[in-house]
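Hey, can you work out the whole structure from these sequences and the hints?
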Amino acid sequence: MPISRRDMIVAGLLSLATFPSKAVATTAEVLTFDTLYESFGVLGLKFSAQVLALKGKPVSISGYMAPPLRAESDFFVLTKNPLSICPFCQSDADWPLDIMVVYLSEASPLVTAGAKVMVSGILDIGSFIDPDSGFVSQLRVRNASYRKA
Amino acid sequence: MKLSTSLIASLIGLGLAVPASAQVIYPLNRAEILAGSKFDLKVEFPVVVGRDKVSVTLNGVDAVKALGGTLEFVDKEDGQDASSYLLRNVTIEKAGSYSLEVKAGDVSSKVNWTVFDTPKGKIAKNVILFIGDGMSVAQRTAARMLSKGIEEGKYKGDLAMDDMPYMALVSTSGSDSVVTDSANSMSAYTSGHKTCVNALGVYCSRAKSNLDHPRVETISELVKRKQGLSVGVVTNSEIEDATPAGMVSHTRKRADYNDIVRMFYDVKPDIIMGGGSPNFLPKATLGSKRTDEDNYIEKFKSEGYSFVSTATEMRAASQGGATKILGLFSTGNVDGAYDQKFKKGTTGKFPDQPDLAEQTKIAIDALSKNEKGFVLMVESSRIDKYAHSLDWERSVYDTILLDNAVQVAKDYAAKHGDTLVIVVADHTHMVGIIGTYNDDLPGTTPREHLETYQNSKFPDYKPDANGYPETVDLKRRLAFSFGSYPDHCFDAKPHLDGEFAPAAAGPVKGTYVANETYCTPGSVKVVGNLPTDANSGVHSADDVILTAMGPGSEMFHGRLDNTFVFRAMTTALGLAKN
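Protein chains in written order, with this note's numbering: chain P, 511 to 659; chain H, 63 to 640.
Just so you know, these hints were derived from the structure itself, not from any lab. The model shown is predicted, which means the values in this text are computed figures rather than measured ones. Do not rely on the hints blindly, as some may be mistaken.
To be verified - A few chain P positions that, by computed beta-carbon distances, are all more than 12 Å from chain H:
(1) A559
(2) S572
(3) D608
Unchecked claim - Keeping only pairs whose Cα atoms sit at most 25 Å apart, straight-line, the calculated BS3-like set for lysine-lysine is:
(4) P:K590 <-> H:K571
(5) P:K658 <-> H:K571
(6) P:K626 <-> H:K406
(7) P:K556 <-> H:K406
(8) H:K524 <-> H:K210
(9) H:K363 <-> H:K345
(10) H:K587 <-> P:K626
(11) P:K556 <-> H:K345
(12) P:K590 <-> H:K405
(13) H:K405 <-> P:K556
(14) H:K411 <-> P:K556
(15) H:K386 <-> H:K288
(16) H:K138 <-> H:K165
(17) H:K472 <-> H:K210
(18) H:K330 <-> H:K288
(19) H:K345 <-> P:K565
(20) H:K406 <-> P:K590
(21) P:K590 <-> H:K411
(22) H:K363 <-> P:K556
(23) H:K286 <-> H:K386
(24) H:K537 <-> H:K406
(25) H:K100 <-> H:K184
(26) H:K361 <-> P:K556
(27) H:K537 <-> H:K405
(28) H:K423 <-> H:K210
(29) H:K555 <-> H:K403
(30) P:K626 <-> P:K590
(31) H:K138 <-> H:K172
(32) P:K590 <-> H:K345
(33) H:K218 <-> H:K519
(34) H:K524 <-> H:K403
(35) H:K165 <-> H:K115
(36) P:K626 <-> H:K571
Where a beta carbon is used, it is the ideal one built from N, C-alpha and C, also for glycine.
Dropping the structure here:
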């Protein structure tokens, strides 16, 4: 099917909507899943000094978008590795511990499930229960945008 | 046949008889119940019925009189237009055949139960039950080949689990389906009742709450209540996972990890060892998976448990004479034998995880201090998990791991002849050994390297002192084949650096595609034979092998239902007597 000029404009607008604003992109500090925690043990985790220092500040981090709950949402889970949850060998609640919850600045189509993405936004830490899903998170990127990495 | 409630109501309105199947009675027809064990009787009516219109009798006697207990008659269960009759925590003390008959107006139904005695009294002081999760015949054969060796068609040795006097085939289907899961099958072993997929210690009724279904008593509860025995639960999965949970739990849904931790605390097995610490930590702790502020590590400690999180701490607790140990060695599953040997998996984060055989020794040391005896369940859980991920080498290393633990129990039983030892799987996977792969053959793809029949020469695995091959990366190695799989890329080579992850989430929500990481030169893309929402292999319904030794083991022969494992254990322990 030929792509009309109108489709291209719409596509361009959509991709603009999912890219970080220039201000965030230029000042964001890059985080990696390997440096989120200072310690990771049976009795719990401790955030790294870098994470604690970046609370409330712009960050970017790359990871994999976990299969989303809905096709279009302002919420998804970012994981270190592509997720393949086994329904019977593990419970559906069995997320890895080192996950990042992403709140997008606006609801967007989550078309990249399973793909590597780069997320940019404001780092937020501390226990938070998502009012819609009840999902408990400790580490979030808010006011976020993402692009395929 | 299913009838809608409205249709049934119309039939009743017309004065027509409704099929007996319209009423459901738990325990189900043909249930075998240990005399004196507790269970919940539930009758579900398809419509609202008046209490005064209902008659429930056990061998002709009103059920409340015959069974005792307090009747809960629910006019509208969970707000639905359907009534239920519930008698919780009842027992039948006398062995025999029982008929439970229900009448509501013109509608009636009936189930028959067998209540069994344990006529020999207590002939075994201790029971050690080993579960090889998902262990099928092929893993056993491969474990023997890798750890003992084979020459001119004869093995150079037996597995510890092979060398037992009694063997049986055990059938594993549940009350709801041909293919079972680890919850349902463990529930059969620990309660003697078949139930449905995902359920533990309950029948699957129509109750909405996972915790409201009709319960049956588990062996842990029974031996503590009736004989004051000690109980141990040792696994290398998360301790909340289905098999260990089956020792203590009553829930419709195995994924309810936080409830399962509470149930461990309620039953208080003396030895609790596995992974899965996050569900013990209060919500405020970073890394917790609880939704409340309960700190179950502190709760167990206040009940006299030594808490340990490494193999070193476990040994110290044992040497200090601890009789109650809570050991949580990982936030997830404990690493399997392959990853522990080669320092892969999560060994970087958790460098001092214990070995199942040593845990078995430490558990027996602690539990055997109880002069009345003990029941110990030891599970090698990742035989199954690695079979799900089509990673046969890791699955077989964990079969060898199980066998090393079995040897520890046999050594104990050799000195303590009053110990019944049982080794059994809970279900199978569709696996088989079809020959060998030989990298020296021309070509690059797996089928070009496959040797079958007379060309499948004995591979030269070199086991270490614990039976684990020093390497699985041989030019000629076993061709161990999986019969159910998602889309994946297959190169017939071992995954030396990490567990195989055959599929990854696909672009269409809820579907999985081949994990591109493995789609390298020499691999072939295999189109899955499972529905696209499967990301790993599935269980199969084939019978499993059980071997046993010690007093009561002679009950195991021929083909048995999985519920019979409970019957044999309780018979050996004489649990019908007080």
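Structure-based check of each hint:
Even its closest Cβ contact with chain H, about 14 Å, leaves P:A559 beyond 12 Å, as expected for a residue assigned away from the interface. Residue placement check: P:S572 keeps its beta carbon more than 12 Å from all beta carbons of chain H (closest about 16 Å). Look at P:D608: its CB is around 9 Å from the nearest CB on chain H, not clear of 12 Å, so calling it non-interface is violated. Only pairs whose Cα atoms come within 25 Å are accepted, and P:K590 paired with H:K571 is accepted, the gap being roughly 19 Å.
Restraint check for P:K658 and H:K571: the C-alpha separation of about 17 Å stays at or below 25 Å, so the hint holds. With a C-alpha separation of about 24 Å, the suggested pair P:K626 and H:K406 falls inside the 25 Å cut-off, and the hint holds. For the hint pairing P:K556 with H:K406, the CA-to-CA distance comes to about 23 Å; that is within 25 Å, so the pair holds. Distance check on the hinted pair: H:K524 and H:K210 sit about 9 Å apart at the alpha-carbon level, within 25 Å; holds.
Proposed proximity of H:K363 and H:K345 is supported: the alpha carbons are some 18 Å apart, at most 25 Å. Simply put, H:K587 and P:K626 have alpha-carbon atoms about 22 Å apart, close enough for the 25 Å limit, and the pair holds. Simply put, P:K556 and H:K345 have alpha-carbon atoms about 14 Å apart, close enough for the 25 Å limit, and the pair holds. A C-alpha spacing of about 20 Å is found between P:K590 and H:K405, which places the hinted pair at or below 25 Å, so the restraint holds.
Of the supplied pair hints, the one linking H:K405 and P:K556 holds, its CA atoms being roughly 24 Å apart against a limit of 25 Å. Between the alpha carbons of H:K411 and P:K556 the distance comes to roughly 13 Å, so the proposed pair stays at or under 25 Å and holds. Between H:K386 and H:K288, the direct Cα distance comes to roughly 20 Å. Compliance with the 25 Å bound is thereby established for this hinted pair. Under the criterion of a C-alpha separation no larger than 25 Å, the hint pairing H:K138 with H:K165 is consistent with the structure, at around 18 Å.
Between H:K472 and H:K210, the direct Cα distance comes to roughly 18 Å. Compliance with the 25 Å bound is thereby established for this hinted pair. Pair hint H:K330 plus H:K288 holds up; C-alpha atoms about 15 Å apart against a cutoff of 25 Å. With a C-alpha separation of about 20 Å, the suggested pairing of H:K345 with P:K565 holds against the 25 Å cut-off. Proposed proximity of H:K406 and P:K590 is supported: the alpha carbons are some 17 Å apart, at most 25 Å.
Pair hint P:K590 plus H:K411 holds up; C-alpha atoms about 15 Å apart against a cutoff of 25 Å. Restraint check: the Cα-Cα separation between H:K363 and P:K556 comes to about 23 Å, which is no more than 25 Å; the hinted pair holds. Note on H:K286 and H:K386: the hinted pairing holds, with a Cα-Cα distance of about 14 Å set against a maximum of 25 Å. Restraint check: the Cα-Cα separation between H:K537 and H:K406 comes to about 22 Å, which is no more than 25 Å; the hinted pair holds.
Distance hint between H:K100 and H:K184 is fulfilled; the C-alpha atoms sit about 20 Å from each other, no more than 25 Å. Annotation: proposed proximity of H:K361 to P:K556 holds, straight-line Cα distance about 23 Å (limit 25 Å). Our distance criterion of 25 Å between C-alpha atoms is met by H:K537 and H:K405, whose separation comes to about 23 Å. Between H:K423 and H:K210, the direct Cα distance comes to roughly 22 Å. Compliance with the 25 Å bound is thereby established for this hinted pair.
Annotation: proposed proximity of H:K555 to H:K403 holds, straight-line Cα distance about 19 Å (limit 25 Å). Restraint check for P:K626 and P:K590: satisfied, since their Cα atoms lie roughly 9 Å apart, inside the 25 Å limit. Note on H:K138 and H:K172: the hinted pairing holds, with a Cα-Cα distance of about 22 Å set against a maximum of 25 Å. Between P:K590 and H:K345 the alpha-carbon distance is near 23 Å, which keeps this suggested pair within the 25 Å criterion.
Between H:K218 and H:K519 the alpha-carbon distance is near 16 Å, which keeps this suggested pair within the 25 Å criterion. Pair hint H:K524 plus H:K403 holds up; C-alpha atoms about 14 Å apart against a cutoff of 25 Å. A distance of roughly 8 Å separates the Cα atoms of H:K165 and H:K115; the hinted pair therefore holds under the 25 Å criterion. At most 25 Å may separate the alpha-carbon atoms for a hinted pair to count; P:K626 and H:K571 meet this at roughly 16 Å.
Checked against the numbered hints given earlier, the structure breaks only hint 3 and satisfies all the rest.
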